[in-house]
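Please arrange chain B on chain A, whose structure you already have, making use of the hints.
Line by line, the protein sequences give chains A and B.
Counting with our numbering, you get residues 51 to 330 for the letters of the first sequence.
Counting with our numbering, you get residues 1023 to 1165 for the letters of the second sequence.
In short, the hints are calculated from the structure, not lab data.
Only a predicted model underlies this, so the values are computations on that prediction, with no experimental measurement involved.
By construction, the Cβ of each residue, glycine as well, lies at the ideal position given by its N, Cα and C atoms.
Incorrect hints may appear among the rest.
Unchecked claim - Just the calculated beta-carbon pair ranges, DEER-fashion: (1) B/Glu1043 / A/Ile297: 25 to 35 angstroms; (2) A/Phe199 / B/Phe1101: 42 to 52 angstroms; (3) B/Gly1095 / A/Ala323: 46 to 56 angstroms; (4) B/Ser1036 / A/Leu162: 36 to 46 angstroms; (5) A/Trp187 / B/Ile1050: 50 to 60 angstroms.
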Amino acid sequence: MGSLTPLDFVVILLAISVLAGVLGAIVGLGGGVVVVPILTLLFHINIRLAIGASIVSVIATSSGAAAAYVRERMTNLRTGMFLEIATTTGAITGAYITTLVPDKVLFILFGLVLAYSAVAMYLKRHKEVILQESNDWIANKLNLHGSYFDEAEQKEISYKVTGTKPGLGLMYVAGLMSALLGIGSGGLKVPAMDLAMHLPMKVSSATSNFMIGVTAAASAGIYFARGQIDPLIAAPVAIGVLGGATIGSLLLGKMESKWVRLLFVVVLLIIAAEMLQRGI
Amino acid sequence: MAKTVSYHDEGAASKAAMQEEKVRRVEITISYVLRIGVILSVLILCAGLGLIFAHHPEYASKLPYNKVVGLQGNFPHSFGSLINSVSKGEGSGIAVLGLAILILTPIMRVAVSILAFIYQRDPAMTLVTSFVLAALLFSLFIR
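In isolation and in its complexed conformation, chain A is listed as follows (with noise of 0.2 angstroms):
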């Protein structure tokens, strides 16, 4: 890779930003968790610089797939704006402490809690438990319940939302994760909402890459004041995500919810592996 020139390396990485993209829109989240190990490890881009590549294409996913969502009705708007109360409180501590804790720590402690999120989602992939009725008060006050038309099974589905003191427990880790690593974190988002608040598949999906956006929005100033915001890495990543998220979105309402959550179990799985071997 060391003969390319600056030209070479914008399209190799607008292409590959493209694919990025695709899979970020699709499994609900950002794109960067395939941007950073590849400029590390592929182009050696210093690993800061590539994390402020991968914040920004971050928020153009969330950007660009919660656009199409939004239109959809599949993303839960109300419970999404709920849960940024924890996810930028969360990001905020992370930037607080982001120079205390060691990466190595980081790395291992994130591999370990995406490994635990594909073997739970797995273990569940068969059943979504969709509510008819929910006593969370603060779900019920806030009226966080929805209904949206799925593609696959062509009717309206209704459902209810519940745990969402939980849900704020994690979306606050969520929060604090995407400032550390750079990252959307759609791998504890989604979670938390398919499993702990019981919002269907793609609705955990669509809100997860609807308040991705906001969170990494959260780091971005921040990593962009330390100048690790290069605009010849960040740009091209910037404009492939986005290309490959707006494929990605309209392929997410015509997949069946077990095919998606599949996807996404081999996607946490990868990921947890790589994050795993950074740390040690």
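Coordinates of chain B only, in the frame set by chain A:
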């Protein structure tokens, strides 16, 4: 008596339909904010990248990329240096402007949501969303 009850039910149903319509309008407005921010930033990013290569023909021929990519002196990373670079028409400054707009898009989205919830007369969600905006603005000022 039965007539009054059914009249009341009709009123409640049309109220629910109106609420649904309001929610739909909020969703579409937010969708537009996101889409405009995204389209605008992509156009500016493409222009910036184009200018970088137009101003530096050597980037397309002989130089290895690691002599150019990842050098902090090559691009602005403060508000002042960004303005300065854009006003000089530098490609790197224009590309960074596109990135800055992308970063501000979700923040704008939250601001629009507050207005939407005020319009919907939903004080609880207005408070929730205001907290999120306050947290985001706070994050822009910490280092």
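Each hint tested on the structure:
Against the hinted window of 25 to 35 angstroms, the Cβ-Cβ separation of glutamate 1043 of chain B and isoleucine 297 of chain A comes to about 31 angstroms, which satisfies the hint. Roughly 44 angstroms separates the CB atoms of phenylalanine 199 of chain A and phenylalanine 1101 of chain B, a value that falls within the hinted 42 to 52 angstroms. Checked against the hint of 46 to 56 angstroms, the pair glycine 1095 of chain B and alanine 323 of chain A fails, with Cβ atoms roughly 37 angstroms apart. For the pair serine 1036 of chain B and leucine 162 of chain A, the beta carbons lie near 53 angstroms from each other, so the given range of 36 to 46 angstroms is not met.
Checked against the hint of 50 to 60 angstroms, the C-beta distance between tryptophan 187 of chain A and isoleucine 1050 of chain B comes to roughly 30 angstroms, which is inconsistent with it.
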